[in-house]
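Asks: Here is how the chains run, residue by residue.
Protein chains: 2
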Amino acid sequence: MANGAVLAPPKVDGVLEAALYADDLVAAKEFYAGKLGFEKILEAPGTFVFFRCSATILLVFNPAQTRKQPLPSAARPVPGHGCDGAGHVCFSAPGASLDRWAEYLGKAGIPIEAEITWDNGARSVYFRDPAGNSLEFAQPRLWGYDEAGVAA
Amino acid sequence: MANGAVLAPPKVDGVLEAALYADDLVAAKEFYAGKLGFEKILEAPGTFVFFRCSATILLVFNPAQTRKQPLPSAARPVPGHGCDGAGHVCFSAPGASLDRWAEYLGKAGIPIEAEITWDNGARSVYFRDPAGNSLEFAQPRLWGYDEAGVAA
Numbered sequence: 001m002a003n004g005a006v007l008a009p010p011k012v013d014g015v016l017e018a019a020l021y022a023d024d025l026v027a028a029k030e031f032y033a034g035k036l037g038f039e040k041i042l043e044a045p046g047t048f049v050f051f052r053c054s055a056t057i058l059l060v061f062n063p064a065q066t067r068k069q070p071l072p073s074a075a076r077p078v079p080g081h082g083c084d085g086a087g088h089v090c091f092s093a094p095g096a097s098l099d100r101w102a103e104y105l106g107k108a109g110i111p112i113e114a115e116i117t118w119d120n121g122a123r124s125v126y127f128r129d130p131a132g133n134s135l136e137f138a139q140p141r142l143w144g145y146d147e148a149g150v151a152a
Numbered sequence: 001m002a003n004g005a006v007l008a009p010p011k012v013d014g015v016l017e018a019a020l021y022a023d024d025l026v027a028a029k030e031f032y033a034g035k036l037g038f039e040k041i042l043e044a045p046g047t048f049v050f051f052r053c054s055a056t057i058l059l060v061f062n063p064a065q066t067r068k069q070p071l072p073s074a075a076r077p078v079p080g081h082g083c084d085g086a087g088h089v090c091f092s093a094p095g096a097s098l099d100r101w102a103e104y105l106g107k108a109g110i111p112i113e114a115e116i117t118w119d120n121g122a123r124s125v126y127f128r129d130p131a132g133n134s135l136e137f138a139q140p141r142l143w144g145y146d147e148a149g150v151a152a
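If you read the sequences in order, they're chains A and B. This note's numbering numbers the first residue of the first sequence as 1 and each following residue consecutively. This note's numbering numbers the first residue of the second sequence as 1 and each following residue consecutively.
Simulated from the structure, these hints should not be mistaken for lab results. Misleading hints may appear alongside valid ones.
Note: identical chains are not told apart, hence a pair may lie in one copy or across any two.
Derived DMTMM-like pairs (lysine to aspartate or glutamate); straight-line CA-CA distance at most 25 Å [said to hold, decoys possible]:
{"hint": "1", "residue 1": "11", "residue 2": "147"}
{"hint": "2", "residue 1": "68", "residue 2": "24"}
{"hint": "3", "residue 1": "68", "residue 2": "99"}
{"hint": "4", "residue 1": "40", "residue 2": "146"}
{"hint": "5", "residue 1": "29", "residue 2": "84"}
{"hint": "6", "residue 1": "11", "residue 2": "30"}
{"hint": "7", "residue 1": "68", "residue 2": "115"}
{"hint": "8", "residue 1": "107", "residue 2": "84"}
{"hint": "9", "residue 1": "107", "residue 2": "43"}
{"hint": "10", "residue 1": "68", "residue 2": "113"}
{"hint": "11", "residue 1": "11", "residue 2": "84"}
{"hint": "12", "residue 1": "68", "residue 2": "146"}
{"hint": "13", "residue 1": "68", "residue 2": "119"}
{"hint": "14", "residue 1": "29", "residue 2": "147"}
{"hint": "15", "residue 1": "68", "residue 2": "147"}
{"hint": "16", "residue 1": "35", "residue 2": "24"}
{"hint": "17", "residue 1": "35", "residue 2": "146"}
{"hint": "18", "residue 1": "107", "residue 2": "146"}
{"hint": "19", "residue 1": "11", "residue 2": "99"}
{"hint": "20", "residue 1": "35", "residue 2": "115"}
{"hint": "21", "residue 1": "35", "residue 2": "119"}
{"hint": "22", "residue 1": "35", "residue 2": "99"}
{"hint": "23", "residue 1": "11", "residue 2": "115"}
{"hint": "24", "residue 1": "29", "residue 2": "103"}
{"hint": "25", "residue 1": "11", "residue 2": "39"}
{"hint": "26", "residue 1": "68", "residue 2": "39"}
{"hint": "27", "residue 1": "107", "residue 2": "30"}
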């Protein structure tokens with residue numbers, strides 16, 4: 001540590017963007033925007049598509065493009081990254097929202113892979129996107145947050 | 001769609017949990033808790049370690065364990081997932097927090113890989129965790145959120 005000074009890190013704020021990877025971004029867009037109703041906010045065809053989720057963002061990248069270092073198509077030197085395999089993102093589903101999502105997934109023909117009730121009574125619903133990523137809606141009280149998603 | 005009914009998905013709330021993968025969870029814990037100061041909230045040694053980030057959670061998984069389907073060590077049938085390669089998470093750094101993080105990373109010996117100013121004036125700072133995952137602190141006004149992280 002420079003100068004031997006005792007350093008404390010700043011307080012971390014929340015996740016602003018979570019990332020998933022998909023080889024087929026057309027299928028990803030059809031799923032997240034067309035089926036789940038997420039608002040598409042930015043897209044570079046073949047490279048990425050981004051969605052707004054309340055006060056956070058879901059990023060979906062084509063790893064064949066975004067693992068190049070730095071991204072060749074970017075106007076700025078954005079560091080590369082890219083994963084193979086099934087990733088995971090959990091979305092907050094406060095209050096009765098979880099039941100509405102479970103009902104919606106069933107009616108929209110999206111298979112529910114698991115429904116879990118945790119030790120503290122919070123519930124989760126799991127399903128997959130077309131790339132095989134594991135998606136979850138969970139009640140935020142799973143982690144001690146009130147049902148508005150604010151730290152209790 | 002069942003019964004031909006017109007279905008609208010519920011409104012999506014924010015990301016509750018974002019996931020990264022690391023083969024060495026001891027190094028991940030030392031980095032996220034020891035260096036970045038994130039609060040560790042749950043751990044299964046060799047399988048996962050979770051951290052609280054304000055009103056969201058960062059999950060770090062060992063993909064060799066968590067891609068098993070379902071997770072053999074879980075008390076409940078949690079669907080498996082697991083990625084190889086560098087993933088990405090961006091944390092919200094509202095107001096002066098971005099400058100404090102950049103200064104802290106420098107003093108803590110964590111290399112800053114890129115600093116980017118976007119078209120709308122919002123700024124990002126990029127660095128890596130020990131597994132090579134691309135981490136970012138970004139001002140939430142990058143996506144139109146005010147500096148408290150709430151949708152503007």
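Asks: Decide, hint by hint, whether the structure agrees.
Replies: So, going through the hints one by one against the coordinates:
1. For a Cα distance limit of 25 Å, the shortest separation of residue 11 from residue 147 qualifies both inside one copy, at 23 Å, and across copies, at 15 Å.
2. For a Cα distance limit of 25 Å, the shortest separation of residue 68 from residue 24 qualifies both inside one copy, at 17 Å, and across copies, at 24 Å.
3. For a Cα distance limit of 25 Å, the shortest separation of residue 68 from residue 99 qualifies neither inside one copy, at 41 Å, nor across copies, at 28 Å.
4. For the identical chains of this complex, residue 40 and residue 146 are inter-copy neighbours only, at 20 Å across copies versus 28 Å inside a copy, given an alpha-carbon limit of 25 Å.
5. When the C-alpha separation of residue 29 and residue 84 is checked against a cutoff of 25 Å, the pair qualifies both within a copy, at 19 Å, and between copies, at 23 Å.
6. In this homomeric assembly, residue 11 and residue 30 come within 25 Å of each other (Cα to Cα) only across copies, at 17 Å, whereas the closest approach inside a single copy is 37 Å.
7. In this homomeric assembly, residue 68 and residue 115 come within 25 Å of each other (Cα to Cα) only across copies, at 18 Å, whereas the closest approach inside a single copy is 37 Å.
8. Proximity of residue 107 and residue 84 under a CA criterion of 25 Å is satisfied in neither setting, with 30 Å inside one chain copy and 33 Å between copies.
9. In the homo-oligomer, the alpha carbons of residue 107 and residue 43 never lie at most 25 Å apart, since the shortest distance is 28 Å inside one protomer and 36 Å across protomers.
10. For the homomeric pair residue 68 and residue 113, the shortest alpha-carbon distance between copies (15 Å) is at most 25 Å, but the shortest distance inside one copy (33 Å) is not.
11. For the homomeric pair residue 11 and residue 84, neither the shortest alpha-carbon distance inside one copy (32 Å) nor that between copies (29 Å) is at most 25 Å.
12. In this assembly of identical chains, residue 68 and residue 146 lie within 25 Å of each other by CA distance neither inside one copy nor across copies; the values are 40 Å within and 32 Å between.
13. Proximity of residue 68 and residue 119 under a CA criterion of 25 Å is satisfied inter-copy only: 22 Å between copies versus 42 Å inside one chain copy.
14. Taking CA atoms no more than 25 Å apart as the test, residue 29 paired with residue 147 passes in neither setting, with 28 Å inside one copy and 29 Å between copies.
15. For the homomeric pair residue 68 and residue 147, neither the shortest alpha-carbon distance inside one copy (40 Å) nor that between copies (31 Å) is at most 25 Å.
16. Taking identical chains as interchangeable, the C-alpha atoms of residue 35 and residue 24 lie at most 25 Å apart only when both belong to the same chain, with a minimum of 16 Å there against 37 Å between chains.
17. Taking the shortest alpha-carbon separations for residue 35 and residue 146, neither the intra-copy value of 28 Å nor the inter-copy value of 29 Å comes in at or below 25 Å.
18. Taking the shortest Cα distances, residue 107 and residue 146 never come within 25 Å of each other, neither inside one copy (28 Å) nor across copies (36 Å).
19. Taking the shortest Cα distances, residue 11 and residue 99 sit within 25 Å of each other only across copies (12 Å), while inside one copy they are farther apart (34 Å).
20. Proximity of residue 35 and residue 115 under a CA criterion of 25 Å is satisfied intra-copy only: 20 Å inside one chain copy versus 36 Å between copies.
21. Taking the shortest alpha-carbon separations for residue 35 and residue 119, neither the intra-copy value of 31 Å nor the inter-copy value of 31 Å comes in at or below 25 Å.
22. Taking CA atoms no more than 25 Å apart as the test, residue 35 paired with residue 99 passes inside one copy only; the shortest distance there is 17 Å, against 39 Å between copies.
23. Proximity of residue 11 and residue 115 under a CA criterion of 25 Å is satisfied inter-copy only: 20 Å between copies versus 34 Å inside one chain copy.
24. In this assembly of identical chains, residue 29 and residue 103 lie within 25 Å of each other by CA distance solely inside one copy; the values are 21 Å within and 38 Å between copies.
25. Taking the closest pair of Cα atoms, residue 11 and residue 39 come within 25 Å of each other only across two copies (10 Å); inside a single copy the shortest separation is 30 Å, beyond that limit.
26. Taking CA atoms no more than 25 Å apart as the test, residue 68 paired with residue 39 passes in neither setting, with 27 Å inside one copy and 32 Å between copies.
27. Taking identical chains as interchangeable, the C-alpha atoms of residue 107 and residue 30 lie at most 25 Å apart only when both belong to the same chain, with a minimum of 17 Å there against 44 Å between chains.
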